[in-house]
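S.K.: Chain by chain, the residues run as shown.
Protein chains: 2
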Amino acid sequence: MTPLIDGLQYANWSEKIFRQMREGGVNAVHVTITYHENFRETVLNIERWNRWFERFPDLIFQGRTAADVTLARETGRTAIFFGSQNPSCIEDDIGLVEVLHTLGLRFMQLTYNNQSLLASGCYEADDAGLTRMGREVVAEMNRVGLVVDMSHSGERSTLEAIEHSTRPIAITHANPAGWHSALRNKSENVLRALAESGGMLGFSVYPHHLRGGSACTLRDFCEMIARTADLMGIDQVGIGTDLCQDQPDSVVEWMRVGRWTKTIDYGEGSKDAPGFPPMPDWFADNRNFGKIADGLQATGMADADVAAVMGGNWLRFFDKSFGANKGPEGRLSEAAD
Amino acid sequence: MTPLIDGLQYANWSEKIFRQMREGGVNAVHVTITYHENFRETVLNIERWNRWFERFPDLIFQGRTAADVTLARETGRTAIFFGSQNPSCIEDDIGLVEVLHTLGLRFMQLTYNNQSLLASGCYEADDAGLTRMGREVVAEMNRVGLVVDMSHSGERSTLEAIEHSTRPIAITHANPAGWHSALRNKSENVLRALAESGGMLGFSVYPHHLRGGSACTLRDFCEMIARTADLMGIDQVGIGTDLCQDQPDSVVEWMRVGRWTKTIDYGEGSKDAPGFPPMPDWFADNRNFGKIADGLQATGMADADVAAVMGGNWLRFFDKSFGANKGPEGRLSEAAD
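The listed protein sequences derive, respectively, from chains W and A. Under numbering that gives the first Met the number 0, the first residue of the first sequence carries the number 0, and numbering increases by one thereafter. Under numbering that gives the first Met the number 0, the first residue of the second sequence carries the number 0, and numbering increases by one thereafter.
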């Protein structure tokens with residue numbers, strides 16, 4: 000049986016949500032544990048997760064390898080894989096890549112909208128690609144098994160990350176810009192390069208990434224997935240809902256503003272709509288993944304392909320991505336970890 | 000009497016050097032207190048300076064305003080003005096600009112060779128100019144009276160900083176690239192824009208910035224100053240020796256490598272010459288400023304102009320730069336602080 004895996008969520012976590020994950024049959028989730036938090040603050044967030052793992056051992060546990068997804072399915076729990084949406088957690092210190100991987104970090108975005116020390120974000124006017132430090136850090140991430148995520152990065156930085164990385168990268172939560180034009184959605188050029196390199200795209204349900212926003216229909220969303228699978232190959236796509244359930248609007252302000260400006264930046268929102276947008280009615284929480292699977296079937300997609308999109312592809316990607324790069328001369332071994 | 004001011008030093012400070020400053024009649028020095036150190040580490044460096052101020056009150060004290068230069072001259076001491084060669088000290092936090100200014104920081108480079116969160120360094124292959132955060136931080140530096148220093152920045156970032164800053168900026172330690180081609184030296188385009196905006200250039204004695212390196216003659220150095228004064232105007236230039244006296248080579252490695260790479264980066268050096276280069280024989284320490292003044296006179300420069308270059312220009316720049324931007328509607332008042 001293929002697992003159900005969500006490639007990105009950032010919820011205001013609670014027992015309620017953990018129970019909804021179980022009701023929805025979600026076997027694994029890549030959760031954002033940090034945005035602009037520095038290393039010490041990120042460790043505080045890990046400590047918070049440790050307390051949740053301690054309190055709810057029957058519902059969740061920390062995932063570190065692909066085998067943990069299988070363990071989660073077998074034991075009726077959800078495996079939680081940590082990720083960062085910005086490299087703030089490594090500060091200016093390449094040595095923190097390995098330290099954070101040891102603490103369980105499995106994905107790290109090189110940028111979150113703005114320029115970082117590593118690459119350029121999709122909101123900068125110009126994108127000069129991977130920086131000197133960016134090239135070093137990508138190599139280190141490749142070595143330890145920390146996945147490069149370019150969901151919020153600029154076009155040139157993304158293409159350079161795909162090219163420079165010796166292991167496949169991910170865009171955990173975004174949609175094709177050709178379907179819905181948005182700074183955060185990706186060009187066909189990027190999607191092709193990503194697929195050719197063995198990388199993964201997770202389709203986002205965040206309304207700003209959807210054609211029609213919150214009013215986007217399940218059918219339109221699923222048709223878009225089917226067409227993108229035609230372009231990229233059915234093996235290179237999954238789900239990355241970007242579900243931000245139960246978050247107060249103060250959180251979206253932190254995500255957008257961090258500590259980099261004294262004024263308000265509305266990001267994908269606007270002065271009139273500064274908060275989190277309402278989710279589409281067909282995806283309110285973790286109990287709704289079945290609707291997406293049904294929607295994919297309704298497009299005419301084969302059962303095996305639906306299963307691949309709903310989790311099988313992420314599982315294979317996890318399996319080859321999270322272990323140390325042990326092969327001879329720095330080449331990726333076939334069975335990492 | 001015009002004061003003697005050095006626009007940048009980064010020595011391995013000691014009582015010996017403080018006494019040499021007195022012997023050399025140095026009234027004020029902009030000292031680098033931090034490179035890649037984060038905020039907390041920068042505060043540790045300030046604590047170290049506080050102990051030196053406490054131990055050697057007859058030799059040095061912390062300078063905060065231009066008036067402190069006069070006080071230093073009148074009391075036979077050297078005023079120490081703090082600066083940072085990278086924005087690591089503000090981390091990702093615009094609020095630290097004001098905090099560090101309150102602690103006495105008066106200069107901050109937006110970059111040190113590499114890409115920062117604010118702008119691009121002169122060692123990056125591409126320079127996309129000021130970032131979104133860079134524009135915000137420059138405005139905040141303008142507001143509180145923290146001088147933008149672009150000594151180690153890329154060409155486009157430097158031009159954009161000059162244009163975006165509402166107050167004159169500085170290049171505290173560099174020379175014209177037309178005299179000696181080096182990534183760290185500045186194009187005529189940059190020097191003209193800097194001068195037109197009321198900014199300051201400090202001439203560097205660091206051998207990698209000199210024609211002929213350590214063998215550069217005093218005469219060649221002083222002729223270069225005279226020609227650059229012709230280009231920029233005599234009021235826009237000063238000295239910024241970049242004296243790194245008594246530093247072990249481990250320090251130049253920290254300056255170049257910081258925490259951004261696991262390999263060695265030789266910066267302006269090379270595998271065969273990885274350490275600090277030997278200083279020219281005419282400038283070994285703070286007792287040698289008289290030789291530069293004499294050398295400038297020997298080029299035919301008028302006494303008043305020599306005095307301006309040796310400190311008068313920096314004093315005027317300090318006077319207009321270190322105070323809060325108090326004028327109406329955010330415009331710079333005539334007598335800031």
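Worth double-checking, as some hints may not be accurate.
Where chains are identical, the list cannot tell them apart; a pair therefore holds if satisfied intra-copy or between any two copies.
Pairs of lysine-lysine, DSS-like flavour, derived with a Cα cap of 30 Å [as the list claims (entries may be wrong)]:
| hint | residue 1 | residue 2 |
| --- | --- | --- |
| 1 | K261 | K290 |
| 2 | K15 | K325 |
| 3 | K290 | K15 |
| 4 | K15 | K261 |
| 5 | K261 | K319 |
| 6 | K261 | K325 |
| 7 | K290 | K319 |
| 8 | K270 | K290 |
| 9 | K319 | K15 |
Rather than coming from a laboratory, the hints here were simulated on the basis of the structure. Keep in mind that this is a model prediction, so the values were computed, not measured.
S.K.: The structure should be examined with respect to each hint, and the outcome stated for every one.
M.R.: Outcome of the hint check:
1. Proximity of K261 and K290 under a CA criterion of 30 Å is satisfied in neither setting, with 42 Å inside one chain copy and 47 Å between copies.
2. In the homo-oligomer, the alpha carbons of K15 and K325 never lie at most 30 Å apart, since the shortest distance is 40 Å inside one protomer and 53 Å across protomers.
3. Proximity of K290 to K15 under the C-alpha cut-off of 30 Å is restricted to the intra-copy arrangement: shortest distance 20 Å within a copy versus 76 Å between copies.
4. With identical chains, the CA atoms of K15 and K261 are never at most 30 Å apart, being 35 Å at best within one copy and 44 Å at best between copies.
5. When the C-alpha separation of K261 and K319 is checked against a cutoff of 30 Å, the pair qualifies only between copies, where the shortest distance is 25 Å, while the shortest distance within a copy is 42 Å.
6. In this homomeric assembly, K261 and K325 come within 30 Å of each other (Cα to Cα) only across copies, at 18 Å, whereas the closest approach inside a single copy is 45 Å.
7. In the homo-oligomer, the alpha carbons of K290 and K319 lie at most 30 Å apart inside one protomer (29 Å), although the nearest pairing across protomers, at 65 Å, exceeds that limit.
8. Taking the shortest Cα distances, K270 and K290 never come within 30 Å of each other, neither inside one copy (33 Å) nor across copies (61 Å).
9. Taking CA atoms no more than 30 Å apart as the test, K319 paired with K15 passes in neither setting, with 32 Å inside one copy and 59 Å between copies.
Of the hints listed earlier, those the structure fails to meet are numbers 1, 2, 4, 8, 9, in rising order.
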